[in-house]
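Whenever a hint applies, use it, and build me the whole structure from the sequences.
Listed below are the residues making up each chain.
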Amino acid sequence: MNMNFLLLLLDGLKGTVILSLLTFLVGGTAGFIVALSRLSPFAPLRIAAQLWTQVVQGIPLLVIMGIVYFGPAIYGIFAVPPLIAATIAMAIWASAYLGEIWYGCLRSVNKPQWEAAECLGLTRWQRMSRVILPQALRLAIPPTVGFMVIIVKNTSISSLVVGYAELSYNAKVINNSSFEPFLYFGLAGLFYFLVCYPLSVQARALERKLNVANR
Amino acid sequence: MSPIVEMRELRKSFGAVDVLKGVTFDVERGQVAAIIGQSGSGKSTALRCIDHLEKINGGELTVCGHALHTDKPDLAALRKDVGIVFQGYNLFPHLTVGQNITMAPKLVHRRSRKEADEIGREMIAKVGLADRWDYYPEQLSGGQQQRVAIARSLAMQPKLMLFDEVTSALDPKLTGEVLRVMEKLASEGMTMILVTHEMQFARNVADKVIYMRDGRVHEMGGPEILSQPSTPELADFVNEEF
Amino acid sequence: MAPGDGAGRHTEERVNYTFDFGAILQHSDLLLDGAWTTLVLAFWATISGFLMGTLCAVGATSGPRWLRAILIGYVEVARNTPLLIQSYFLIFGLASAGVRLPIMVGAVIALVVNVTAYTAEVMRAGIESVRKGQLEAAECLGLSRFQIFMNIILRPAMERVYPSLASLFVLLMLGSSVLSAVGVEELFGTSNRVQSLTYRNFETFIVLGGFYLALTVLMRFVFWALGLVLFPRQRKLGTAL
Numbered sequence: 001m002n003m004n005f006l007l008l009l010l011d012g013l014k015g016t017v018i019l020s021l022l023t024f025l026v027g028g029t030a031g032f033i034v035a036l037s038r039l040s041p042f043a044p045l046r047i048a049a050q051l052w053t054q055v056v057q058g059i060p061l062l063v064i065m066g067i068v069y070f071g072p073a074i075y076g077i078f079a080v081p082p083l084i085a086a087t088i089a090m091a092i093w094a095s096a097y098l099g100e101i102w103y104g105c106l107r108s109v110n111k112p113q114w115e116a117a118e119c120l121g122l123t124r125w126q127r128m129s130r131v132i133l134p135q136a137l138r139l140a141i142p143p144t145v146g147f148m149v150i151i152v153k154n155t156s157i158s159s160l161v162v163g164y165a166e167l168s169y170n171a172k173v174i175n176n177s178s179f180e181p182f183l184y185f186g187l188a189g190l191f192y193f194l195v196c197y198p199l200s201v202q203a204r205a206l207e208r209k210l211n212v213a214n215r
Numbered sequence: 001m002s003p004i005v006e007m008r009e010l011r012k013s014f015g016a017v018d019v020l021k022g023v024t025f026d027v028e029r030g031q032v033a034a035i036i037g038q039s040g041s042g043k044s045t046a047l048r049c050i051d052h053l054e055k056i057n058g059g060e061l062t063v064c065g066h067a068l069h070t071d072k073p074d075l076a077a078l079r080k081d082v083g084i085v086f087q088g089y090n091l092f093p094h095l096t097v098g099q100n101i102t103m104a105p106k107l108v109h110r111r112s113r114k115e116a117d118e119i120g121r122e123m124i125a126k127v128g129l130a131d132r133w134d135y136y137p138e139q140l141s142g143g144q145q146q147r148v149a150i151a152r153s154l155a156m157q158p159k160l161m162l163f164d165e166v167t168s169a170l171d172p173k174l175t176g177e178v179l180r181v182m183e184k185l186a187s188e189g190m191t192m193i194l195v196t197h198e199m200q201f202a203r204n205v206a207d208k209v210i211y212m213r214d215g216r217v218h219e220m221g222g223p224e225i226l227s228q229p230s231t232p233e234l235a236d237f238v239n240e241e242f
Numbered sequence: 001m002a003p004g005d006g007a008g009r010h011t012e013e014r015v016n017y018t019f020d021f022g023a024i025l026q027h028s029d030l031l032l033d034g035a036w037t038t039l040v041l042a043f044w045a046t047i048s049g050f051l052m053g054t055l056c057a058v059g060a061t062s063g064p065r066w067l068r069a070i071l072i073g074y075v076e077v078a079r080n081t082p083l084l085i086q087s088y089f090l091i092f093g094l095a096s097a098g099v100r101l102p103i104m105v106g107a108v109i110a111l112v113v114n115v116t117a118y119t120a121e122v123m124r125a126g127i128e129s130v131r132k133g134q135l136e137a138a139e140c141l142g143l144s145r146f147q148i149f150m151n152i153i154l155r156p157a158m159e160r161v162y163p164s165l166a167s168l169f170v171l172l173m174l175g176s177s178v179l180s181a182v183g184v185e186e187l188f189g190t191s192n193r194v195q196s197l198t199y200r201n202f203e204t205f206i207v208l209g210g211f212y213l214a215l216t217v218l219m220r221f222v223f224w225a226l227g228l229v230l231f232p233r234q235r236k237l238g239t240a241l
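Residue numbers (our numbering), protein chains in the order written: chain A, 1 to 215; chain B, 1 to 242; chain C, 1 to 241.
By construction, these hints were calculated from the structure, which means they are not laboratory data.
Computed from a predicted model, the values in this text were never measured in an experiment.
The C-beta atom is built at its ideal place from N, Cα and C for all residues, glycine as well.
Treat the hints with caution; some may be incorrect.
[What the hints assert, rightly or not] Incomplete in silico selection of chain C near chain A, CB under 7 angstroms:
| no. | residue |
| --- | --- |
| 1 | 61 |
| 2 | 62 |
| 3 | 88 |
| 4 | 181 |
| 5 | 188 |
| 6 | 202 |
Here it is as structure tokens:
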């Protein structure tokens, strides 16, 4: 095994982690807005959020990558930095899924809680921030951690159209000169596994804890 | 004719806990036997052994001529002869009432759809729910579900019916409707063994009352032992239950 | 272009960009071919993934200890690594070992390895949701182990997890787009040719998005209709099992 190749893989892993964190941050913010919009009293906003969710969930991330990467060209902006294009594309994609997950959590806070809060004369915003959100947060943590696994895995797709140098990209580059696919793709897989598996375990443990608490 | 159930010194333990410590009783053809006792006395375990839902650890047990204390009891034959109804109904939620009842006759007895339907319709009428044939279990009350469960067992035309605390999950009104079905079965001559807390029912319907205590038969006799118990323990138990 | 370099450079102001979808749609036969390939891939991967995933779920819930360990290990590895890496590993790996498979076969294998693991996890949850009392009741009615599995375990388990399975298989179809990276000429793979024929990258991706959206709607409709046929209880009562 070549030491330089190993370092290159580790460098790719760094890229994967950076892109994952950025996606979670930006996509999470957007997803939160999507979730809240779906509960809005203003119908057009609700419908827009619903449409956004359905359309984005009906298109592969790879296509979103292409649209984001080549879209700015119509304004004469070529060569968008890969990290920025990848982050925007992944944030769009994640916003639809996280929005859906969180909308479900907000909805599943018991109806009596909504009504009780209303009867106390709290404003809509107070109801949301003081009563509903704290309870929904508890429900949201396990599936959110679970989705982080999917984010990490899907960063691999940014190696394709956008060409962002993360783990899969570097593994491919290495394979092109080493011709040892089992070794280097195996190692890359191992690195993904080392990041994702603890998150998966954590998500399951949190889920179990929540189920016990709710019984 | 030999008894339908012959239980001799039956032993059963779960891990280190001895639940049955040598239980002996017989049930004759056409008899209704009621097993009573505190929770933890082993009464449900004894009943479950009769349908081999629990593997026995010692003693002898013969049910409808099938010896269950051998290495490889013929379970397929046993289950054709014995029906059981559970406390939790255990109807299959994805099937209609009719499908619940006709599934086993079709799959196990290899009856045609028409034959199975005929038997099923007869049994559902017997429990008074003929108009619920196409309903799903979740659309029925607990008492109705339990009556369907009885019909489901009857459709296999068993020689012996076991009832494991079948009314414990029901309120008094629903309990009544299930007990009436069981009473009717008894009057038709069905051999029945029931684990129950319904003392009134045991006194009126049972031919034999078996009082279990701490993994053993503590007192056994006709229904009159409920009025004139000969052991102080049964006297106490009867006082608490009535 | 080397990855990671290059800030956004305004090489040319073209604010008055004129969209030209006509150029793309001239090649709609290419795209339709690709969409068909994607559907074929998704179809075979769904069927075999469902069957094998169900078998894995059975093995992982009631198999001998060693089999359980192997299956759980496989499910964890497949679920915690990306499909892209799995495809590279399998397809480039097998090629380097001298195994030459038709590309479609390799693609289906890669997809099945991936989706089987997810199906197994979903089906396992469904199987474990069947209560013990149900099995006892069936056993006491004299049903054989196989009859119990088919009628009392599998059917309600499937009814319970059907929505999850359906979205899983839609995601599989969308995810199959990464197989273009190993040379499969599925819907996304055809985009390279359309781009090089038209030089209209942006429009190509918009049209691709529309195609995928249509495939998603189609698959969801098929699953919905299939659900109506498979689960009469659901159809009649409209409640979750």
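For each hint, the structure was consulted:
no.	hint	result
1	61	violated, 16 angstroms
2	62	violated, 21 angstroms
3	88	holds, 5 angstroms
4	181	holds, 6 angstroms
5	188	holds, 6 angstroms
6	202	holds, 4 angstroms
Violation of the numbered hints given earlier is confined to hints 1, 2; the remaining hints are satisfied by the structure.
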